[in-house]
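S.K.: Generate coordinates for the entire structure from the input sequences, incorporating the hints supplied.
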Amino acid sequence: MEELIYKLKEEIIDVLNLEGMKPEDIDENAPLFGEGLGLDSIDALELIVLMEKNYGIKLKNANEGKEIFKSVRVMAEYINEHKTK
Amino acid sequence: MKNKYCIYQKGHSIISPLACGSSANFEAIASGKSQLRSYGQRWGIPEPFFASVFEDDNVINTVEMRHCTYIQYTRFEKIAIKAAEEAIRNADIDASSERVLFILSTTKGNVELLEHLGSCHDDRPYLWYSAQLIAQHFGNQNTPIVASNACISGCAAQIAAYNMLQYSDQYDYVVVVGAEVLSKFIISGFQSFKALSPERCKPFDANRCGLNLGEAGAAIVYARTDKPEELADSTIIMEAGAINNDANHISGPSRTGEGLLRSIRKVTKNFDTQRIAFINAHGTATLYNDDMESVAINRAGLQDIPVNSLKGYYGHTLGAAGIMEVILSSIALQKRMVIKSLGTEQPGTVQALNVCMENNTAHGDAFLKLISGFGGSNAAVLFSLRQGSVTRGQGSGASDQGPVIRGQGSGVSDQNSEFRIQNSVVLPQITIGSQGIDDQLAQLYRNIGMNYPKFFKMDRLCKFGILGAESLLKDYNFDRENVKADWGIILMNSASSLDNDRRYQETIATDNYYPSPAVFVYTLANIVTGEIAIRHKIGGESSFYVMPEYKQELIEEVIDHAFTANPELTHIICGWVDVDGEECEVSMGLYKRGEMETWKREVVKT
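Going down the list, the sequences are from chains X and A. Residues in the first sequence are numbered consecutively from 1, following our numbering. Residues in the second sequence are numbered consecutively from 1, following our numbering.
In case anyone wonders, no lab produced these hints; they're calculated from the structure. Everything hinted at is true.
Each pair of labels, with its calculated beta carbon distance range:
#1 A:207 <-> X:80: 32 to 38 Å
#2 A:123 <-> X:38: 35 to 41 Å
#3 X:35 <-> A:581: 35 to 41 Å
#4 X:66 <-> A:513: 24 to 30 Å
We put the CB at the ideal spot given by N, CA and C, even for glycine.
M.R.: Quick look at the structure:
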């Protein structure tokens, strides 16, 4: 799980162009949206693409993301459970 | 204050999957018809979608080649030409005259061609090229303008036409043509935004769940007269139009409806709103757009006026929408009708609206068109019906001094304060090889001393625009905390968003199909005006035009029109921001109304 969390952080930094951020800078237990990383609705949509592209997980609607993107840890747990590749 | 001219519709036409011609389209929607339907596999898009698409290409294939025999017109060009042809015939004008200007409204034009072009360079996907083909089809030699302002393009084009006729003495007629064709490019992008409804859209409905897209072409010939009393009864007059930016988010509508409210207030100022028979809203049926419109309409105090959306008939026809919906609303006004908002079953917006649920009788002699879009732009346009001697048509505009002389400070606002078009800042041209371009942009960002992490999420066009504006305003003393409704931003270029379009195209390759919403959002050229508006809290007019090449005279003319038409504007950022593969060019100025003030900055050299 810790390995997946680290990898996920790298992917998030890359796909969301979080300039100057390193995986260590992201608290895996902190909320992804709202405070902190300053992510917005387009970032949330891009995370949906990341899940599909890298892990073969297809979300039916964007609202499901609200629960999954609570924190990097929650996201990693979801991926671990649902990944198809 | 009165304007010199009355600007009116002299002819129009619509070509849609529903019908050919304005009247036929109106009859079709008056009887509740729609061509919106579900498509399974089409254009190689894996997900099904619900849209209004031309099924019978025979209709559009009736366009004959003229004036250019060496190429075939594309679907997009045919639809635009077909609409313009009919409108010009109805208006009975000589479109080849040098006194006629063409303005094209489209968001993506021939973008579908990118799929087969690969890295080959071809002029065909350039919006200015399509505009030129269309104008030349009618033998018109003037350089056409393209209004590419995302969803509000159609209304932006009509406002530009109004300004050209009202404030410039070059033209007697402006042919405004809007067209959009759907493709894998556009549908996949909206799908990646999770913005599409899997069924017929439900504008303003409590259970609305997204928009439908549609194809269409529409054209209006606008004319001017200083003798409105001689106009035929039932002529539709364009009273006023306004565009304001929310400076909020590049794709999300403002929760407060601020920009749209400012546009509504501006066009209804000095106009008896009791005369407004209905509001033809944007009504895309997305949760946020319809809520935002409901807030703006309520804040403007117009919530009792019947509201409709025509998206349930045609879907959102993007660059054609603002023109097609104005034509259909004009006919409705002439027939004293309010067309029902097809698809709305149970209205449910954050603020209540008087949504028109059945075709009704119109009470009033005017209608208000609203439209909003990506990049934070919000337009309102007011139209009235000429009847007998009560025509106004010279209402709420800005100047009574007639056309102003460009660049000589002769424009007059309604406060009678002089303004000068101030040729203050022109940034040096930038040309950067494509190699390491992003690294060089990042270096420039650091050199300028910016701290704006969002910069790194932008496409190159926006990065250049943001850097240009940052340099322009770095040491300028102005309010950086509050949205400034007295500041405007108008940018132009020749490649629109093609540089980023090619990038998005790579994300929808057949063997690697993962449409990226973060890339798609930048496939609209006017997003750069939106990004600058957000960064510097610019809340006045924001517009984007596309043309073949940089022309200082045209830039000055556009600034001149903007200052004249918008008396509240004190500052306009205006310029040229073009990125096209290895070619990058930024030239931006701050133009200030009032006393001369010149200052220069050294920018972006590599």
